[in-house]
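Participant: Protein sequences, first through last, are from chains A and B.
Sequential numbering of the first sequence, starting at 416, is according to the working numbering.
Sequential numbering of the second sequence, starting at 2, is according to the working numbering.
Worth flagging that the hints you see were computed from the coordinates, not collected in a lab.
Source: prediction; values computed, not measured.
Backbone N, C-alpha and C define an ideal beta-carbon position, used for all residues, glycine too.
Careful, some of the hints might be misleading.
So these bits of chain A aren't anywhere near chain B, every CB distance computed over 12 Å [stated by the list, open to error]: (1) 461; (2) 463; (3) 482; (4) 498; (5) 501; (6) 503.
Restraint ranges, calculated between C-beta atoms of paired labels, are given here [unchecked claim]: (7) 127(B) <-> 474(A): 16 to 22 Å; (8) 534(A) <-> 12(B): 21 to 27 Å; (9) 71(B) <-> 460(A): 43 to 49 Å.
Sample of chain B residues lacking proximity to chain A, with all beta carbon distances greater than 10 Å (derived) [as the list claims (entries may be wrong)]: (10) 15; (11) 103; (12) 116; (13) 117; (14) 118; (15) 119; (16) 124; (17) 131; (18) 135; (19) 162; (20) 166; (21) 168.
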Amino acid sequence: MTSAPARSARVRPYAITGGRTSSRRPLLLETLVSVPGFDRAVYQELVAETREIYVLCRAVRSIAEISAGLGIPLGVVRVLVSDLVDEGRVRIHPSPAAAGAPEHVLLERVLRGLQSIQP
Amino acid sequence: MVYRASSPELSPSAISTKMVVAGGFGAGKTTFVRSVSEIEPVTSEALMTEASAGADDLSATPDKVMTTVAMDFGRVSLDADLALYLFGTPGQDRFWFLWDDLIRGALGAVVLADPRRLADCFPAIEYFENVPDMPFIVALNCFDGILPYGIEDVRAALAIDPEVPLLTCDARDTASAVYTLTELVRYAMNLTRDPVFA
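Work out the full structure, taking the sequences as your base and the hints as a guide.
Facilitator: Okay, structure coming up:
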């Protein structure tokens, strides 16, 4: 994956978000976002950056990957994803804790996963 | 980089977790992330005003200067539906406040240290010592495989708690970087199990 061309800070990114700088949801950098069922009509309705996010999230992506892939600053991505969730366009995958995994169970899964990596 | 036979595409039921790779400028953070990642490490940008970055006082300047700060990260699939993200901390000290965002929800952190410039990792160690419930280990990135001092001398120099794991690694080597992460997980498991350390 290569980063999209960097956008100049001069585009005033928070113009995209209507001046909002924080999202209403706890979106961590690694929080996964996906489009449950891609809808062409929704795609037509959306504009600019929200449309780009909608398209990109046909495959599961993290907030950080959305930011890097589209060249949009993290704070802006958080606001726009939060809007898309409110509108039911995208879903946020639960954090491991919210998915009901106690921490030691998660750590054991991570350990097993790391040990299975073949360089 | 880690190459998998399976597609790196994440499953629709995937969940994610995160670890942080910290350390001084040039300690090998990006190299470490690259060694473990199954995607080409990418950069995301946070945008802030210079004023919020704690730089020179710009209060006299009504037009705040916007700046961006880059964070490198990578990803590795640990399971069909479990993705681990690795984030390298921004090198510049004036972006400390970004670390709070970066580490939120992290399983733990690896502080990478260049044995030739040990002092460069002091700020990172100090930072993690002050974060409650955030396990961290220190890994000496020995580029040539040689540590010029005894590891306990290094521990003394770093003044870290005796229970904080201190090991050597080669950030360029996938097996070594992955092993370093497993040591972090084992340490985190001990802390979770043993309330004395919690």
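Participant: Non-interface claim for residue 168(B): all C-beta distances to chain A beyond 10 Å?
Facilitator: holds, 15 Å
Participant: Any Cβ of chain A at or closer than 10 Å to residue 166(B), or is the non-interface label fine?
Facilitator: holds, 14 Å
Participant: The hint says 43 to 49 Å between residue 71(B) and residue 460(A); measuring C-beta to C-beta, is that right?
Facilitator: Since residue 71(B) and residue 460(A) have Cβ atoms about 33 Å apart, the given range 43 to 49 Å is violated.
Participant: Between the beta carbons of residue 534(A) and residue 12(B), is the distance compatible with 21 to 27 Å?
Facilitator: holds, 24 Å
Participant: Does the no-contact call for residue 131(B) survive, Cβ to all of chain A over 10 Å?
Facilitator: holds, 20 Å
Participant: Checking the smallest CB distance to chain A, is residue 119(B) really beyond 10 Å?
Facilitator: holds, 27 Å
Participant: Does the no-contact call for residue 117(B) survive, Cβ to all of chain A over 10 Å?
Facilitator: holds, 26 Å
Participant: Taking C-beta pairs only, is residue 503(A) more than 12 Å away from all of chain B?
Facilitator: holds, 16 Å
Participant: Using the beta carbons of residue 127(B) and residue 474(A), state whether their distance is inside 16 to 22 Å or not.
Facilitator: violated, 39 Å
Participant: Just want to verify: residue 463(A) was marked as not at the interface with chain B; is every Cβ pair farther apart than 12 Å?
Facilitator: holds, 17 Å
Participant: Taking 10 Å as the cut and beta carbons as the points, is residue 116(B) off the interface with chain A?
Facilitator: Check passes; 23 Å lies beyond 10 Å.
Participant: Checking a non-interface call: every C-beta of chain B should be farther than 12 Å from the C-beta of residue 461(A). Is that right?
Facilitator: The claim stands: residue 461(A) keeps its Cβ more than 12 Å from every Cβ of chain B (closest is about 21 Å).
The structure fails to meet hints 3, 7, 9, 10, 11 from the earlier list, while all remaining hints are met.
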